[in-house]
Each structure stands twice: as structure tokens, then as C-alpha cells.
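Here is what each chain is made of, one letter per residue.
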Amino acid sequence: MGQQTISDRATVGRGAAAAVFEARGITKVYGMGEVEVHALRGVDLELREGELLVLLGPSGSGKSTLLNILGGLDVPTAGRVLYRGRDLTAAHEKQLTQYRRHHVGFVFQFYNLIPSLTARENVSLVTEISLDPMTPEDALGLVDLEDRMDHFPAQLSGGEQQRVAIARAIAKRPDVLLCDEPTGALDISTGILVLQAIEKVSRELGTTVAVITHNAAISEMADRVISLGDGRIVSETANAHRRPVDELVW
Amino acid sequence: MRAIDRKLLRDLWHIKGQALAIAMVVAAGIAMLVMYLSTFASLQLTLDTYYDRYRFAEVFASLRRAPASLVDAISEIPGVAEVETRVVADVSLSVEGLSEPAVARLISVPERPSSHLNDLFLRQGRYLEPGRPDEVLVSEGFALARGLEPGDRVSAVLNGRRRSLEIVGIALSPEYVYTIRPGDLFPDDSRFGIFWMAQPALAAAFDMEGGFNDLSLSLMRDASEPEVIARLDRLLEPYGGLGAIPRSLQLSHWSVTNELAGLKGAGFIVPVVFLAVAIFLLNVVLTRIVSVQREQIAALKALGYSNFDIGLHFVKWSLLVTFGGAVLGILGGAWMGQEINRLYAQFFRFPILTYEVSASVVLVAVAVSAAAAVLGARSAVLRAIRLPPAEAMRPEPPANFRRTWVERMGLGHWLSEPSRMILRNLQRQPLRAAFSVIGISFAGAVMVVGTFSLDAIDWMLDLQFNVSQRQDLTVSFYLPASSRAFHEIERLEGVLTVEPMRSVPVRLRAGHRSRNLAIQGFVAQPELSRVVRADYRPVHLPAEGLVMSAKLAELMDIEVGDEVRLEVLDGSRPVVRAQVAQLVDEFMGTAIYMEIGALRRLLHEGDSLSGVTLKVDPRSFEELYRRLKATPAVAAVALKRAVLQNFEETIGRNLGLLTFFNILFASIIAIGVIYNSARISLSERGRDLASLRVLGFTRGEISFILLGELALLTAISLPLGLALGRGLAALTVRAYDNELYRLPMIVAPRTYGIAALTVVLASLLSGLVVRRRLDHLDLVAVLKTRE
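Residue numbers (the working numbering), protein chains in the order written: chain A, -7 to 242; chain B, 975 to 1761.
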């Protein structure tokens, strides 16, 4: 593994509101056989230090593609993405791996836990390869799963599994936490628990967070909401105050 | 332990049945490899050490009689380092309490123990004591076969006088690692033994005082062997020299090296088959795992695991399984090697047959299994690396099915829906289906190639003893006799048929190549001892010219119609030319035949004969046998019954073990391939099958869909496997094509039947195991999994 990283661990003070991500004119076209699918059609976007952003949109609006590009899992067909001033679109596969390893925490709709590893071991999977991680126990403590640490995913409920996934994502103390429909597979009450965990991370660790959802109710927990439709940004609103998660209703 | 490695172990444990099946295939392949390599290396090392320590000579010559003074002239041949002269005589021997006769070869040794060429290793007892002319040392093989111990006595006829000889020790010589009587097909330790006797005593018994009739030479480092042999032959010619031979043609050495060469050639075929199957299985299973773990791999990539980490993860998977198999294989191979070595020790006599699995053999085994692991993991690793994480996060799209060609041909309405599912599934992944078929075929092939040698040997025995050698007894004389002896034997009671033989030692020369052998003369169309071709048709010996084994012709680069030079090493030693009239495919030795009249004319001699073959009335058999044995002119009486019995005892016993191993190994391959195919099909289609169960299909019906596919693959692979086995058998036949023996390309229907049956049974067994899983299919859980 190379020594290059996209950026050294930045120490930009909280509240300085420097841009973590700057995306300009992002276009993504998938070739599916003879049909071309335009997932993104020129998206401009900024994500600021410490903010909690909700990307809202119906399925097929291109929000997952956008998140994957920000997280270094995918590269745009055109446009540029700067992460703390470094160009992700020009990075090599190895550099993207290092970027994901040290800077990004992912939470997926279907948790994507490793079924053969316990909750603790799923978190260790990440702490073992990061530079300055918290202990798996601390990470699981943050999502209130101290007493379920030695359970396998199959022995956990959907909400618990998603909280393990969050613990796994934050254990490396990521600069950004990217959550793709984190409540998509959950009922309301478990969904609330998961969102509370995300909010806690944002609040207590000051992590920059982007949450994707098709559920408009969730957008009230955000600092800022960007709505996507058909691969374009449709609207952008800033919430004066984040609404506490336990007040959300859907 | 790192979490990712823990994942590896738990994943592996989850599919332990499949992993075990693959590990067993690897183990079988590595076991065979280790067995062959270690046996070969151990034998070679033992041989080299033995030859070196006990000073095995480099040139050997026999003659009628030469004065001891000739030694000086021989020593002066450029290149000769040391000369050892001896008296050697074959005598008839009887051992108390045993009715069957034996031939003893008496060899003179120095009266006091001293270092000499072809030195003796004393296993038991003591060396000879000077002044005790009746003391002898006996070869170990004979002592064991006859239950002789120091202190026992044997009675022998030495030059017409019966003597009682006392065995004082049991010894071994590098000259007789493999003890076979010249002209015999198999070694028979109970009927041919070597006795070493003090030089003065043996010389006195055969009127050889001040002379010798046998010698061996060691050569200087830069000596030219052919040059020394040519000069030696010239020196010995006036003294009845039978033609000197180099070490490479010395009977014992030649037999051992031929066996080693066969081992080296055939030893690699079977391990290669097993490792190829293991690579295929690893490939199939790992590819399936990558497919099942698609989303896990994507998550690992998203978490920051590099392609290298992920590739390594699957290579480790493969290495773990393979090394597990390799460890088992090395242990198993060491054990099998030891057994094989013990088997060799029955035929090859060494002071110590050290068996060891050297570090280099282990290293080769480990390297080979590591290479198999990497090759097996290769495509799965590439797939995992190429997996785009963003897409892989989502479940795989539904597989792409099409109508099969059977249906497009309009035969679709003959098929039930489940049959259609089977065919479409096979068509969707034709490559994998093809590889599965090849894999299962290998099981049948291993079975065929492993057991066909039994057929080949049966066939050879039948040809040899029922078609070719139809006599009950073979009588050979010390010296060529006249027709009077023939008529005397003819008149003996109980003799039904008698035919003369004439055996003449010659040096055969063609171009720059030469061989010492005996031309065998028979009547043109004998009833008893016949020359028979591979197609069972007896050869009519032509009135003129030689009939030669095709192998000999190949070795000497001779074709039909060629003229060869024959230097007769007997009688008046004429040098004549003769034409090769016919070649005959024979499976043992390198023989040369001639019609007896033609042979006599060639030698300008009358109706001489060196022996007779007899067909005997069973009622007077024992009496006749006893009388012939007691006749002084008779050197040996060979009993067909005894030869056959000896063969069955030594070879037959060992082949049983070999067959057991082959059935075991073929089953390992069959189960490995079929069980893995079934498990993978189950993993791929468990959801479909569970859905069908929910829709109301019975267990039997869904089993048909899954197991029907396996049955179809097995059915296709059966004929293929048998054909492949035949091909591998042909390769083995080629590898064992040496001067000592050739295997005929014979595979009996029974062998094909057993091979097919083994595969079918292994297939059924695998099917049953999977069927049990199908019966316990958790309908609800399967429908819930998103895979």
C-alpha cells in the first residue's frame, strides 16, 4: 500500500466552515448495453467542515452515485471533486483506497456487515487498518451496543446491525461520514435509534456527515438539505436549527 | 489474529465439507508425488552408496577357463584399475526337507576376508574360515525363501560329485541386488541362490586350480569402456570368452535401473491429474465464494481494504486448503513410500534400504501445492479485484437464461419444466459444466489407469503360460547334448510330448551397437514352447533368418531384411552373418529366435540341443520329475506350476494393495468434484428451489432439478472418463517401455465396469449428502436472504 494519501489529516478548526468537498460539474454516465444511463448531469456541491447534510431525492435521482463518488468508490465521467483541495477525480486506485481507509466512513442501506464476524470483529476490521482509531469497544459504546459486542450479525436486529455499521464507520475517526439510506431497511422506531447515533457522532465528534434519503422527514435533522431529481440539484435549503431526531415523525 | 483472517477461518469452517473434499484431492496428488519422488531418491541413494562402499565392478566377463597368468596382460589394458578373477559355476542343489530343486550359483571369494571388487556385506553369521572347504556363505534372498540359517547344510552336485556344504553366514553382494536367473522372467528366490565359497575349494572342485572362468574389472576415471571391453574380448577369446559386458548391461544393475526409469517416467502422470482436478475445484469454489461474498468484498473495499489485501485474502483461503491437503499428503506419501520401499526390498536386496523423505522432496511438495493454490485462486482473485465496489454493493442482477438448443430444435415439448431448468442452467454456464464433466471424467480415468496394469499382467501371464509356454517342464543340460539324450527323454514314462531347444550365446552386432544374448532355437512350429505375437498368433519360425523381439530391433536400430553379425561365444566360436526375417512384439526381455535346423546349420553343428520342453502325463509327473533331477547331465528342471505360483505370491499380493489405493483415490476425486458441484448448485439455486417448495413442489421434485443436473453431468463424463483413462494408460505403457518389460495396452471390460461403478457410487454418495441438505432447506430463511 502506497504512502500517498489524498490529504494529510486536516486540522481545520470547527466552525471555520471550510469546504471539505467541492464538486464541480459532476456527470456520471453508465453504459448499460446499448442504453446510456445518465445518473448525474452536472452537479455542483459543497460540503462544509462539521456540517450535517441531507441529500434528498427519489430512487433513481442519482444520490447514491453522488455519495459513491464523494466516498472514492466511483469516479465521475466528467467534472471534478476536490477533497480538502486534492483532486479525487485524478487519483489512482491506490490513492483512493488510502483515502477511503483514512478519511471516509461509510454506512450502507443494507449494513454490509461481514456475517462471519461478531460486532466487535466487524469494527476491528477497520480499526486494524487505520492510523488513529478508537477501540472497537468505545466505538460500539457510542452507538449503545456495549452488551451486544460478541454477537454475530445474524443474532442482531436490523437496527442493531445498522448501529454496528455506524460504529464500524466512525471507529477510524473519519473526516467524513457518508450514509446511504441508513434507515431504508428499518421501521420508524429503529430508524430513529440509528439516526440518533448518527446525530451523536456529528455532535460529539464533530464529524462532517452526509446522509442520503428519500424520506423528506429526515431532512429536518440536517444543517442543510439538497434535493436531487433526475441527476440534477433541484433545490437547496438551510435549516436554521437542526430538529432533534426524537422529534422526527414519518 | 486480524479480523479479516478470522473471517477467513470462519468462512472456511462454514464450507468445511467442500474444503475437506478439495484438501483430500490435493492430499492424494501430493501423496503420490511424495511417494514417487522419495522412493526414487531413496533407491538411487541406496544404490549409489552400496556400489561405492562395496566396490561394484564396472566390466564383467565370463569365459571357459584361462590361466591365472593372464591377469597381468589384462591389468596392462589401458584404463583398467583393478582385476578380480573368480571361479563361477551353476550347480543343482537340494535342501533337506524340500522336494523342489534349486540352482545355486557358486562364486569364489578370497579365503580370508579382504577388500575386493563386488565385496560382500555379511548380514548374519561369520566369514569363511581358511582350510574348511565345505563352508559357504549364502545370499539373503535364498536364505529367507528357504528358511536357511548359519549352521544349516545343503547338498549340491559339484562337477558330478555330491557335496554337503555348511552355511556359515548370510551375505549380500552389489552384483546381486536383483537376483534373477538369466533367461527367467521373474526373480524366484526359492529356486535360484548365490553361494560364495573359498577360492581354493571351488577351484579344486571344478579343476580350475591356477585358472579362472570369470572376472570383473574396475576402471580408471578416464578409461574408455568400449575400448577396454574390445581389448579384453581379444585377450579372452582363445580362452572361451563369452564377451565382456559393461556395468550398464550387468543383469542386476540393468534390472534395477530399468525399474528406476519406469518409476521416474510414470510417477508424474497420476499426481498431475490430481493436482489439475484440485486446481479446477479451487477455481470453481473460490469463484462461487467471490460471487456469494460480492457485497462483503465491496464493503471491505469501501472500508479501505486494498485490492492487494482482498486478493491475498482469497489466495490465503486457497493456500490454507491446499497446505492442509499437502501436510496430509506428505505424511500419507511418506507412509506409502515406506510401504512401496518394503515391497521393493522383496525384490532388491540391499544391506540397508534406507527410506527417507528428504527436505528437498518436502520442499517440492510444498512448492507444487502452493503453485496449485495460486493457480486455483487466480481467476477468483482477479474477479474480486475487478469487482467495482459501487456496483457490487447492490445485489447481482438476475442471471441471464435463454432457451436451450434442445428447445429451439422444437424438442421442448418433450421436456418437463424441471428438465428445462436443468438444461437451461447447464447452458448458462457451459464452461463450468464442461469442467465438471472433465473433473468427474478424471475420477474414472484415475480408476482405469490405476487398475489396468492388472489386466495387462493377466494378459501377459495368459499369453506367456497358456499360449506361449505350454510345456509342463523345461529341462536344460550343462553342455549341449546330442539327439540321443532327446530320444532317452522321449522314452521316459509319462512324457507325452517332447521338443528340443538349442540356446546359443552370441554377441549380436549391428553397426556400432552390440548386445550379448542367447539365440533360442525351436522347431519351426512347436507345440510347447512357442513364439507368440501380441495378437496371440504363434509365429512360424522361417527356414532361414532370425526372428527378433521388436524392442531389441528398436534398441539396435535394426529393420527386417537387415543383416547382422553374430559372434558365437560357444563351441568353435564361428562369426557368421544372418538376416533378420521377422520382428515380433513381445512384452518381456529382448529375445532372438531361430528355427533350430537353421541355427544348427549356421553353427555348422549336428543335431545338438541344450534342453528340451516336455508335456507330461499328470499321473507320472512326480516320478518323472524325480528322475530328471537325479540325472547328472541335467542342470535344471523348471516347473511351470512353480513359476506361476511364485509370480502370484510376490506380484499378486502387492497388486491388491495398489488396487485398494486406486479405488480410494478415484473416489476422492469423484466425490471432490461431484460434491462440490452439488454444493455450488445448491448455493446458487437454493432460493429458486425453496421458492418451488413454497409453490408446492415436493422434496423429490426439487431434488430432481438439482441432482438431475449432477446425474446428467456424471452420465456424460462416464464414457469420457473411460476414454481418458485409456489415454492415460497408453501414456503409462509408454513410460514403462523398457528392455526388461513392456506393458501391453490392454484394458479389460471389467476394469471399465469397475471404474464406471466407482464413479457412479461416489456420485450417489455425494448426491445423498446434498439431498439431506435439500430436505432440510429452511423455506422462510432462504426466501429472506437477499442473495
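Some clues are possibly wrong.
Listed below are several chain B residues computed to face chain A (Cβ distance under 10 angstroms; list not exhaustive) [stated by the list, open to error]: (1) K981; (2) H988; (3) K990.
Listed next, the stretches of chain B that the computed footprint assigns to chain A, with coverage defined by at least 3 CB atoms under 8 angstroms from CB atoms of chain A [stated by the list, open to error]: (4) 992 to 999; (5) 1464 to 1477.
Within a straight-line C-alpha distance of at most 25 angstroms, the following computed DMTMM-like cross-link-like pairs (lysine to aspartate or glutamate) qualify [said to hold, decoys possible]: (6) B:K1614 - B:E1501; (7) B:K1614 - B:E1675; (8) B:K1290 - B:E1713; (9) A:K192 - A:E38; (10) B:K1603 - B:D1022; (11) B:K1290 - A:D238; (12) B:K1290 - A:E120; (13) A:K192 - A:D222; (14) A:K86 - A:D142; (15) A:K86 - B:E1365; (16) B:K990 - A:D142; (17) B:K1290 - B:E1596; (18) A:K86 - B:D979; (19) B:K1603 - B:E1199; (20) B:K1290 - B:E1313; (21) B:K1290 - B:E1658; (22) A:K86 - B:D1283; (23) B:K1238 - B:D985.
Because the hints were derived from the structure by calculation, they are not lab data. We put the CB at the ideal spot given by N, CA and C, even for glycine.
Quick rundown of the hints versus the structure:
1. K981: holds (5 angstroms)
2. H988: holds (7 angstroms)
3. K990: violated (13 angstroms)
4. 992 to 999: violated (count 0)
5. 1464 to 1477: violated (count 0)
6. B:K1614 - B:E1501: holds (15 angstroms)
7. B:K1614 - B:E1675: Cα-Cα ~61 angstroms, so violated.
8. B:K1290 - B:E1713: Since the Cα atoms of K1290 of chain B and E1713 of chain B sit roughly 47 angstroms apart, the hinted pair is violated (cutoff 25 angstroms).
9. A:K192 - A:E38: holds (22 angstroms)
10. B:K1603 - B:D1022: Violated. K1603 of chain B to D1022 of chain B sits at ~40 angstroms, over the 25 angstroms cutoff.
11. B:K1290 - A:D238: violated (47 angstroms)
12. B:K1290 - A:E120: Roughly 18 angstroms separates the two Cα atoms, so the pair holds.
13. A:K192 - A:D222: Not OK: K192 of chain A and D222 of chain A at ~32 angstroms, beyond 25 angstroms, violated.
14. A:K86 - A:D142: violated (33 angstroms)
15. A:K86 - B:E1365: This hinted pair holds, its Cα atoms lying about 19 angstroms apart.
16. B:K990 - A:D142: Distance ~23 angstroms between K990 of chain B and D142 of chain A Cα, so the pair holds.
17. B:K1290 - B:E1596: violated (71 angstroms)
18. A:K86 - B:D979: holds (22 angstroms)
19. B:K1603 - B:E1199: Given that 25 angstroms is the threshold and the Cα spacing comes to 41 angstroms, the pair is violated.
20. B:K1290 - B:E1313: violated (34 angstroms)
21. B:K1290 - B:E1658: holds (24 angstroms)
22. A:K86 - B:D1283: holds (12 angstroms)
23. B:K1238 - B:D985: The hint is violated at about 40 angstroms.
In summary, the numbered hints that this structure violates are 3, 4, 5, 7, 8, 10, 11, 13, 14, 17, 19, 20 and 23.
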